Amino acid sequence: MKQLFSLERKDVILLVCFTAAVFAGPILMKPLGAGYPDLLQKFAIFGIFALGFNILFGLTGYLSFGHAAFLGVGSYTAVWTFKLLSMNPVPAIIFATVIGGLFSAVIGFISLRRTGIYFSILTLAFAQMSYNLAYSVLTPITNGETGLQLNQADPRVLDIAFGRDYGAVLPSSDLFGIDMTGWPGFYFCATMLIICFFIALRIFRSPFGMMLRAIKSNQNRMMYTGFNTRPYALAAFVISGMYAGLAGGLMAVTDPLAGAERMQWTASGEVVLMTILGGAGTLLGPVIGAGAIKYFENIFSAYNDGILQEAFSFLPEGLQHVFVSVSSLFVGEGWHLTLGALFMLIVIFLPGGLMEGIRRIQVLISNRFGSGGGGADAKSNPAPAE
Amino acid sequence: MMSKTKLSRRGLLKGSAAAGVALATPTIFSSNVWAAGYTNEPKGSTVTLGFNVPQTGAYADEGADELRAYELAVEHINGEGDGGMLNTFSSKALQGNGVNGKKVTFVTGDTQTKSDAARASAKRMIEKDGAVMITGGSSSGVAIAVQGLCQDAGVIFMAGLTHSNDTTGKDKRANGFRHFFNTEMSGAALGPVLKNNFGTERTAYHLTADYTWGWSQEGSIKKYTEQLGWQTAAAVRTPLGAGDFSQYITPVLNSGADVLVLNHYGRDMVNSLTQAVQFGLRDKQVNGKDFAIVVPLYSRLMAQGAGENVKGIFGSTNWHWSLQDEGSKAFVKSFGQKYGFPPSQAAHTTYCQALIYADAAQRAGTFRPSGVGAALEGFDFDGLGNGPTTYRADDHQCFKDVLVVKGKENPASKFDVLEVVEVTPRAQVEYPASMLGGELGPYNDGA
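Quick note, the sequences are listed as chains Y and S, same order. The numbering used here numbers the first residue of the first sequence as 1 and each following residue consecutively. The numbering used here numbers the first residue of the second sequence as 387 and each following residue consecutively.
FYI, nobody ran anything at the bench for these hints, they're computed from the structure. Hints may contain errors.
As a list, the in silico DSS-like pairs of lysine-lysine whose alpha-carbon atoms are at most 27 Å apart [claimed, not checked]:
#, chain 1, residue 1, chain 2, residue 2
1, S, Lys489, Y, Lys30
2, S, Lys478, Y, Lys30
3, S, Lys719, Y, Lys83
4, S, Lys719, S, Lys478
5, Y, Lys30, S, Lys429
FRET-style restraints, in silico, Cβ to Cβ [to be verified]:
#, chain 1, residue 1, chain 2, residue 2, range
6, S, Lys794, Y, Gly116, 51 to 61 Å
7, S, Lys609, Y, Gly269, 39 to 49 Å
8, S, Asp630, Y, Leu329, 21 to 31 Å
All figures in this text were calculated on a predicted structure; none of them were measured in a lab. Backbone N, C-alpha and C define an ideal beta-carbon position, used for all residues, glycine too.
The following block holds chain S by itself, in its conformation from the complex (with noise of 0.2 Å):
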């Protein structure tokens, strides 16, 4: 038995393994990211973008926001809806029929807020669907794995909501570009405030989110909160999407903080300051002072998650829906018209960051990402409800106003939880490029 198949099995072994090799070899050639001038470029009627959001874990409640307005943002851009933002923008390359002539369509996933996840469903977008561009994340640590994607793949990625200093910082590249503010950013306007309310001695104890997001905003409150004069009791690092922060809070009580630094952000956030308030922290006299709570990075999805407990605590947020300029009553208006409720700072960075890159591509006459990115260097514009805002080419990073707002008192509705405390005027937040490290390196086109 063995001696009469043993002959012909290695000649079937070696004649099948080619035989599979030469019949793979078409969808070689035949696919896209081979033959085209730069990875996925659009030969159709239209073209592909590539929403990745989380859908489930501790950011799906932001996720799904996000992904609302993105939807907006093509209706808007294929010239359906009433416009939105593109009516206040102050570029007026785009026409309302779509960029470059070709119709936007998009594709969507989950990141399940894990690097691992996001990558594969980024992967399955450029690679299965042909997106020519990514854009979203929830959560920095994903935010960050994608980026590293979308430089090897050779198409631009749009980060959503990352606040982490290393998106653009250390962790930066070239195909990558973020709207949304970052840490550094929040800790210089927060700074200030938090000394007209807190006075200058005052000892903080840190619960950080355990990754590069948490590290980074623990960072930066730590310097500008130590600037003016602040102890540092500890920080302590607690698992993203712990749910459970009793065994954390615990130890604060003894401590000798008198503030209460809380790096989270999502459901974490909204757990971590319930439960603060539940054991009566806020009713505390430490040191003879109040015990104060600070959130860093506040959002109004929060805000409303945690209810009461969110009344008069301080934070800093990209964007509020209250904001009485034209272009963010503008997006109120279609957003709330489409969905029956106003837009999160989420819904608001990812409807920029999807018109932005539409404006750029059509001012840029291309999708190629060295061209898209040659159009976003340095682009100054207003109307998207920031105020005037920079695209900066060192680090593509935006460069816009910062909003320092207080958990309402007296809420008028239940979107109603956030009052803008101050406006901090960008040049009180712009730091030099080479102060948060990282290389930009060069554009990748892909093959």
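Excised from the complex, chain Y in its bound form (with noise of 0.2 Å):
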């Protein structure tokens, strides 16, 4: 037990001051325009995605196009939990995160048994076979297109047995009576990111750990030692489709409500573009990569003309006009083509991603000032031996 809690120096200085950025969101972000609740809630939640997808994608190697998938199961399973048994998030993301890894150990179990583009293939197949079913054969379980809601006239039956009565309102979802909107709601996807956080500071440090990026570096050569690779895969695929259901579990929970649209490949790729984006592999880079994909699809696509015009409005008549008809062909609707320019710069420029840039970064401060610790640290990540 001792073992399990136990973190060296650094990573508990990592994780100090992870959990003191993430609990000081609310003013870090306010400057940005994004310190209002639900769009924190959307960088805790994705953030959370992101990093049990780095824990599959970022260790093993496998490159997931269907983790979409075990979103959706879990918002689904969320928000059946809050129709049959209890508004309380507790038991509903409990059997978010288990139906989710339930349903990634089936899907994975299968394409696990191919590696590179063929995993890739299936799992697109298995989460877009999902998409279509959710949408329309199964619609009495998730309400197709118009997506699973509650109802007045929801059985409930532990909150009944409780005695809770919500009235001739709907209710919405709370922790033994702090509401999980807004604010609270922020604070409680920060805590599960935060366990989250923790839980794969310390896969990354386990033997365990080693094992996956093992395969990633070269399977074959771990077959032929006689390791068997296929249940550390299996057991990686399953940890993240758990965080996925984890994460589709708390989007319910803040808004219980679940579309079909959350398992669409769109969604499954917007996962692979955050953890690339912040740097695969990294532990911080995911949460960083989903947090700037989201505000952009909540920040740019909310600018339009009249906000363009004003932040011009400094320059002549003539110049104004040009600048505010180039600059929204960016925003406002244009908001993919903004994310699709940044993508690829990071890519060609940075291929390690956002965390790489502020590797450079550190790299290049600690060299002017002589300390030394950049270098340190690339001397402690030994070249891999040919």
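Since each chain comes alone in its own frame, lean on the hints to assemble the complex.
Pasting the structure below:
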């Protein structure tokens, strides 16, 4: 048990800084225009999603294009838990995580028989199948395109057993009386994110994590030395599926609605983008990448010509018009364009994602001041022997 | 190493967590949501409205037109421009100086025609931008999802282009109001026209967009055509935004049906209708009768998109720019002056909703949802292009005349694609509120 929770000093510092940064999110994000609960909840939720995806992709190198399916399953499970058992988020996220894990065990068991591009295609096919099932065939369970919603007439067995009555209004999820929308919802998600970050940290530093990295660097050599790699890969797949299920469950906790579009392949692609943008295989990278993409989606898409005109109002009339019409291509409905350009720049110039950028700046600073911290870091990462 | 850090680690963790909470606490209390008497009570000299429309996806054309109309409405409410339908509106509460002495500003968002994205966008408007009312939405699925959100958050939702019965039926909410008509009214209005043109011995084949609106539309058309004595051969569900409908249209030819009902809207309808015509359905003779296509919900934007293919095809619509009453003429004139083309029905209904909301808030003297709601319930008005109209208190649904239209055979311009066949009087499309089920519940003013 002691072993399980013990960390090295630099990891403790990392965890503490991470915790402080997450809880101070409302203040840190305010100047960027992102200091409102819904977006911060999304940061935390998609941070969890990307953290889990990174355990699979960053460590084992298996690129799954179907993780949105587990997210969707988590959401549906959570909403059904709300409907049938209780509006308390705890059972909802437990069930969401468990069902997400079971579902990923089934899909992982089949998909992991292949590697590389074939694995990616298999996961993509399974996710798309799940999406289409949720969209049409399973309409009685998922309510199709309209999305699964709460009803006043839902049974909510546990709530009724404990004498909880929501009256004539539609209930929203609450943790023993604390409403899970708005800021309390954010702190709930943030706590989950920190727990998930801790678990990911433990996995990264553990022998199990080392085994997963070995799968990435040379699976054949592993097998020649007598290791059966598949159980390890499957374990990583299930863990990341559980992370995705939890993220889906939290989405339902903060907003009790589950729609099929959460399972679409674009949603699977989004988590791949988040991980690569932030830095695959790094601990913090996926969380930062998730934040960056959600920020673009929510803030950039909201800029309209009026806001741009104000922003460029210091320019002379003609020039202002030119600036507004050029920049309006990149905001509002054109936010995808900005994201695409940013993604290209990062993949070309910083293949290790935003985390590589941060590391390069660190090295630059430490070289300039001659403390040698960056150099020592580089030495502790031995180059792969060939 | 481990033992050295282990002791302090917990303390550090707890301490930093507590510090984080303490740091964040002031924002909880300073946030508007908690301090005001109702959600986003405007304190300054402006009031913010949220316009949440699809800018991407199958309904993007409608969304773009809705946004144009909203901007026009805000201009008119603030006393800029020529005033549009404010001059013809029967209620004269608005003075052209904003609402309740506050200038109207707005924020916009993209619903992407997806419930998740629409709710995220609406939440941003409520939590960050302080919007006191959310309006918009093409697609009933999105409108219902956002209406539920607004009810929870304690702001008014003025539904835009949403045609499903459920919006003010099964899924109605006290904070939600709809000016647009619904599939029940479409069915009631189309029934007699279909009978006069196609007789009583027909077999219909439905292609239906697979979500709440499609289901509702299919149900209403089935109900009214089967009353006429029509048969229904099959009703096939197609995914929203499918793009290619050829696989769904091929089986129609062998089904024995002689009428194809397209329960599609937006780009879906443009695609399915174009493909049905390309497959030669309209040149066919089945059961000794000419094959016919019906599009129950029509709009000028879609008719324009489908071009030649809409000629002679029947449908219903909420409003059309060629109407000759004073309100419609004033609206078409000011919209045309600003944008250079006539408005669509989507633009019309959203413009009306913005005006009706502003007027109700002015009459109520507050933006409090229950106050605005009380001013809207049972409100009778005229001069907004649909003749005398009532906001029914029982389900927050507007009742007015319904237009039955047909694709024009010889259009005079590229906008002149529909002709009004019949104006179905309001009395013929009214139904008891209890028919569609659902509960309004109490108003939510928020905390």
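Hints, one by one, checked against the model:
| no. | hint | in the structure |
| --- | --- | --- |
| 1 | Lys489(S) / Lys30(Y) | 26 Å, holds |
| 2 | Lys478(S) / Lys30(Y) | 41 Å, violated |
| 3 | Lys719(S) / Lys83(Y) | 51 Å, violated |
| 4 | Lys719(S) / Lys478(S) | 20 Å, holds |
| 5 | Lys30(Y) / Lys429(S) | 20 Å, holds |
| 6 | Lys794(S) / Gly116(Y): 51 to 61 Å | 57 Å, holds |
| 7 | Lys609(S) / Gly269(Y): 39 to 49 Å | 42 Å, holds |
| 8 | Asp630(S) / Leu329(Y): 21 to 31 Å | 29 Å, holds |
Checked against the numbered hints above, the structure breaks hints 2, 3 and satisfies the rest.
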